[in-house]
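Chemist: Here is what each chain is made of, one letter per residue.
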Amino acid sequence: MKKYLCVLKNTILEFLAYRLNFLMWRVRAIVSILITYFLWKSVFMTSGTVLGYSENRMLTYIIVMITLSSIIFSTQTQRVASEINQGNLSNFLIRPINFFKFNFAREAADKIVNCFFSLVETFLLVLILKPSIIIQTDVNYLLLFLTAVILSSILYFEISMILSFIGFWSHEIWAPRFLFFILVSFLSGTYFPLDIFPGIIYNFLKLLPFTYLIFFPLKIYLGEVNFWQLWYGFFTTMFWIIYLLIFMVFLWKKGLKAYTSEGR
Amino acid sequence: MSEITRYFKIWLKMSSASFETFFISRVGAVLFLAGKVIRFLFFFVFLIILVRQTKALAGYDLWQVILFYLTFNFIDSATQMLFREVYQFRQKIISGSFDLLLVKPINTLFRSLFGWTDILDFITLIPLIGMIIYTAVRISKFNVIGILLYFLLLANSLLIATSFHIIVLGFAILTSEIDHAIMIYRDFMGMGKLPINIYAEPLRSFVTFIIPVGIMMSFPVDALLRIITVQNFMISLGFGIGIFTLSIVFWRHSLKYYTSASS
Numbered sequence: 001m002k003k004y005l006c007v008l009k010n011t012i013l014e015f016l017a018y019r020l021n022f023l024m025w026r027v028r029a030i031v032s033i034l035i036t037y038f039l040w041k042s043v044f045m046t047s048g049t050v051l052g053y054s055e056n057r058m059l060t061y062i063i064v065m066i067t068l069s070s071i072i073f074s075t076q077t078q079r080v081a082s083e084i085n086q087g088n089l090s091n092f093l094i095r096p097i098n099f100f101k102f103n104f105a106r107e108a109a110d111k112i113v114n115c116f117f118s119l120v121e122t123f124l125l126v127l128i129l130k131p132s133i134i135i136q137t138d139v140n141y142l143l144l145f146l147t148a149v150i151l152s153s154i155l156y157f158e159i160s161m162i163l164s165f166i167g168f169w170s171h172e173i174w175a176p177r178f179l180f181f182i183l184v185s186f187l188s189g190t191y192f193p194l195d196i197f198p199g200i201i202y203n204f205l206k207l208l209p210f211t212y213l214i215f216f217p218l219k220i221y222l223g224e225v226n227f228w229q230l231w232y233g234f235f236t237t238m239f240w241i242i243y244l245l246i247f248m249v250f251l252w253k254k255g256l257k258a259y260t261s262e263g264r
Numbered sequence: 001m002s003e004i005t006r007y008f009k010i011w012l013k014m015s016s017a018s019f020e021t022f023f024i025s026r027v028g029a030v031l032f033l034a035g036k037v038i039r040f041l042f043f044f045v046f047l048i049i050l051v052r053q054t055k056a057l058a059g060y061d062l063w064q065v066i067l068f069y070l071t072f073n074f075i076d077s078a079t080q081m082l083f084r085e086v087y088q089f090r091q092k093i094i095s096g097s098f099d100l101l102l103v104k105p106i107n108t109l110f111r112s113l114f115g116w117t118d119i120l121d122f123i124t125l126i127p128l129i130g131m132i133i134y135t136a137v138r139i140s141k142f143n144v145i146g147i148l149l150y151f152l153l154l155a156n157s158l159l160i161a162t163s164f165h166i167i168v169l170g171f172a173i174l175t176s177e178i179d180h181a182i183m184i185y186r187d188f189m190g191m192g193k194l195p196i197n198i199y200a201e202p203l204r205s206f207v208t209f210i211i212p213v214g215i216m217m218s219f220p221v222d223a224l225l226r227i228i229t230v231q232n233f234m235i236s237l238g239f240g241i242g243i244f245t246l247s248i249v250f251w252r253h254s255l256k257y258y259t260s261a262s263s
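Protein chains in written order, with full-length UniProt numbering: chain A, 1 to 264; chain B, 1 to 263.
The hints are simulated quantities; they were obtained by calculation from the structure and are not laboratory data.
Think of the CB as a built atom: it goes at the ideal place given N, C-alpha and C, for glycine as much as any other residue.
Among the clues, some could well be false.
One-sided and incomplete, this derived list gives chain A residues near chain B with beta-carbon spacing under 10 Å [claimed, not checked]: (1) Phe44; (2) Ala175; (3) Tyr191.
Counterexamples of contact, computed for chain B against chain A with all Cβ distances above 10 Å [claimed, not checked]: (4) Ser15; (5) Phe42; (6) Ala56; (7) Ser77; (8) Tyr134; (9) Arg138; (10) Gly146; (11) Ala181; (12) Leu194; (13) Val230.
Here are the computed distance ranges between Cβ atoms for each label pair [claimed, not checked]: (14) A:Arg95 - B:Ile126: 44 to 52 Å; (15) B:Gln88 - A:Ile128: 36 to 44 Å; (16) A:Ser54 - B:Ile147: 55 to 63 Å.
Chain A extracted, bound-state conformation:
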C-alpha cells in the first residue's frame, strides 16, 4: 500500500513541476466554464424554460457538469498506451508492483489535483458570477452523489484502460481515443441533459455505461431521482464496473501474450 501512496504523491508532484504549464491548464478549465455559462445565460434571456429545464436547474446542471467532467474525465491512463507502444511497459513488468494498482494510484492523484482545483475555481466563479443555482443541502443526496462520482470515476478508469490496451495490437492509439472521447462527451450528457431525448432513445441510453459517468450523478445532485431510479442507476453502474473489470483483465492477459517490447 505504501508504495502506491508514493506513486500517488509523485504523480501530484509531477503536476506541480511545470507550474506555468499547470497554471495554463487551469486557465483552460475556467475558459471552458465561462463559455458554457454565458451561452446558457444568453439562452435564458429570452425563455423561462428551455428543453424542459428552468434557468436555475440548467445552470446548476452545466456548472456541476463542467466540474464533474474535469474530475471524472481526467486520466493518466493514456500514458499506458504510449508505454506499451514504446516498449516501456517492460520496466513495469519487472518491478514488484501490481500494474493496475500502480495505474489506479496515478489516476487517483490526477483526480485529487483536478478535484481540488475544480472545486476552488467553481467556488470562485460562483462567487463572482452569482448564478442562480441549486445548492443541494440534503445529506442523503450528497452522500449518494459522492458515491455515484466515485463509481463513475472507477468506470471511466476501466474504459480508458481498455482503450489504452489497443496499444498491444496497434500503433493507432490516439485516433480511437479521440473519437471515443467525442462520443462519450455527447452520450454522457455534457452537451445537454440526456432526458430531453424522446423516451425510447433515453431508455436505450440508460442501458449504456456512459449515462452513469456524468448524467446520473448530476440527477442525484439535483435531487431528481426516486428510489427505483436510484436502484436501477447504481445497479447498472455496478454491472458495467464488474463487466468491464473482467474484460479489462482479459484484454491485459491477451495483450501480454502479444506484447513484444518493441522499441526497447
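Using the hints provided, position chain B relative to the given structure of chain A.
Modeler: Using the frame of chain A, we list chain B on its own:
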C-alpha cells in the same frame, strides 16, 4: 515575386510530404476525420435544438447563428490545416533539433509555421465552404460590399491567427513550459463558435478587443450581415496589422534566446 513563388513551391513540397504520411496510418486518419466531423455535427445539432427552443440567440435567428458557427469552423480548420507544425515545435526546442531548421536555406519562421499541412482539416474545409454559401444564401441579407468585406475580414482573421501562432512559437523558445499555450489560444477562440453578443460586459469587450475572438470570428459575419460599424471595421484591420508586426518583432527577439539545449 520570384521569392514568393519559391516559397509557394516549398510549401507545396512540404504539404505533399505531410499528405503522404497520412496514407501510412490510414485507419488513424479515418478515425480522426470521423471524430472531427462528429464533433462538428454534435455541436451543430445542439445549436439547432437550442435556438429552435428559444427562437433567437442574442438577437440572431437560427440561420445567422449557424453562419457564425460555420465561419468559426472555417477559420479554425484553415488555421489548423496551415499551422499544424506549431504543435510539434516545442519538441524541436527541447531536443535541440531546431538547429537543423536554422541552418537550412529557407526562412526559419516560414518552416516552423508551415512545415506540416493537415490534410484532415483540408478535407473538412471543402464541405464547410459549401455550407457557408448555402447558409448565406438562405439569409439573403447581404450585398456585394458585404461579401467583399466578409472576405477581407476573413483574411484579417487568418492574419491574426498567424500572429498568435508566431507568438506561441516565440514563447516556446523563451520557455520550455509552454505546453498549453496553443490549446489556450484554441479554447479562447472556441468562444467565437457563437455570436460574441451572447457574452455579458465586461467579458464581451474583453473577448472582442483584448483576446480578440470577436474581431476574428464575429466581425466577418457582422460585415456580411451588414451590421458592422465603420469603427469596428477599422479597429479590426488596425489590430490585424498591429499584432502581426508585434509577433514578428517578438519572434526575432525570442530567437536571440535560443540556446540549442540538448543538441
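Chemist: Could you run down the list of hints and mark each one as holding or not?
Modeler: Structure-based check of each hint:
1. Given hint, Phe44 (chain A) at the interface with chain B, holds; its Cβ is 8 Å from that chain's nearest Cβ, closer than 10 Å.
2. Taken as an interface hint, Ala175 (chain A) checks out: its beta carbon lies about 4 Å from the nearest beta carbon of chain B, inside 10 Å.
3. The interface hint given for Tyr191 (chain A) is met, as the beta carbon of that residue sits about 5 Å from the closest beta carbon of chain B, less than 10 Å.
4. For Ser15 (chain B), the shortest C-beta to C-beta distance to chain A comes to about 21 Å, beyond the 10 Å cut-off, and the non-interface label holds.
5. Residue placement check: Phe42 (chain B) does not keep its beta carbon more than 10 Å from all beta carbons of chain A (closest about 5 Å).
6. Distance check for Ala56 (chain B) against chain A: the nearest CB is about 6 Å away, which does not clear 10 Å, and the non-interface claim fails.
7. Distance check for Ser77 (chain B) against chain A: the nearest CB is about 16 Å away, which clears 10 Å, and the non-interface claim stands.
8. Once the 10 Å rule is applied to beta carbons, Tyr134 (chain B) is consistent with being away from chain A; the minimum gap is 24 Å.
9. For Arg138 (chain B), the condition that its CB be more than 10 Å from all CB atoms of chain A holds, with the nearest at approximately 22 Å.
10. With 10 Å as the threshold on Cβ separation, the claim that Gly146 (chain B) sits away from chain A holds: the shortest Cβ distance comes to roughly 25 Å.
11. With a minimum CB-CB distance of about 6 Å to chain A, Ala181 (chain B) fails to clear the 10 Å threshold, and the non-interface call is violated.
12. The beta carbon of Leu194 (chain B) is not kept farther than 10 Å from every beta carbon of chain A, the shortest such distance being approximately 6 Å.
13. The Cβ of Val230 (chain B) lies farther than 10 Å from every Cβ of chain A, with a closest approach of about 27 Å, so its non-interface assignment holds.
14. In this structure the supplied range 44 to 52 Å holds for Arg95 (chain A) paired with Ile126 (chain B), their Cβ-Cβ distance being about 51 Å.
15. Take Gln88 (chain B) and Ile128 (chain A): their Cβ atoms lie about 37 Å apart, and the range 36 to 44 Å holds.
16. The beta-carbon spacing between Ser54 (chain A) and Ile147 (chain B), approximately 42 Å, falls outside the hinted interval of 55 to 63 Å.
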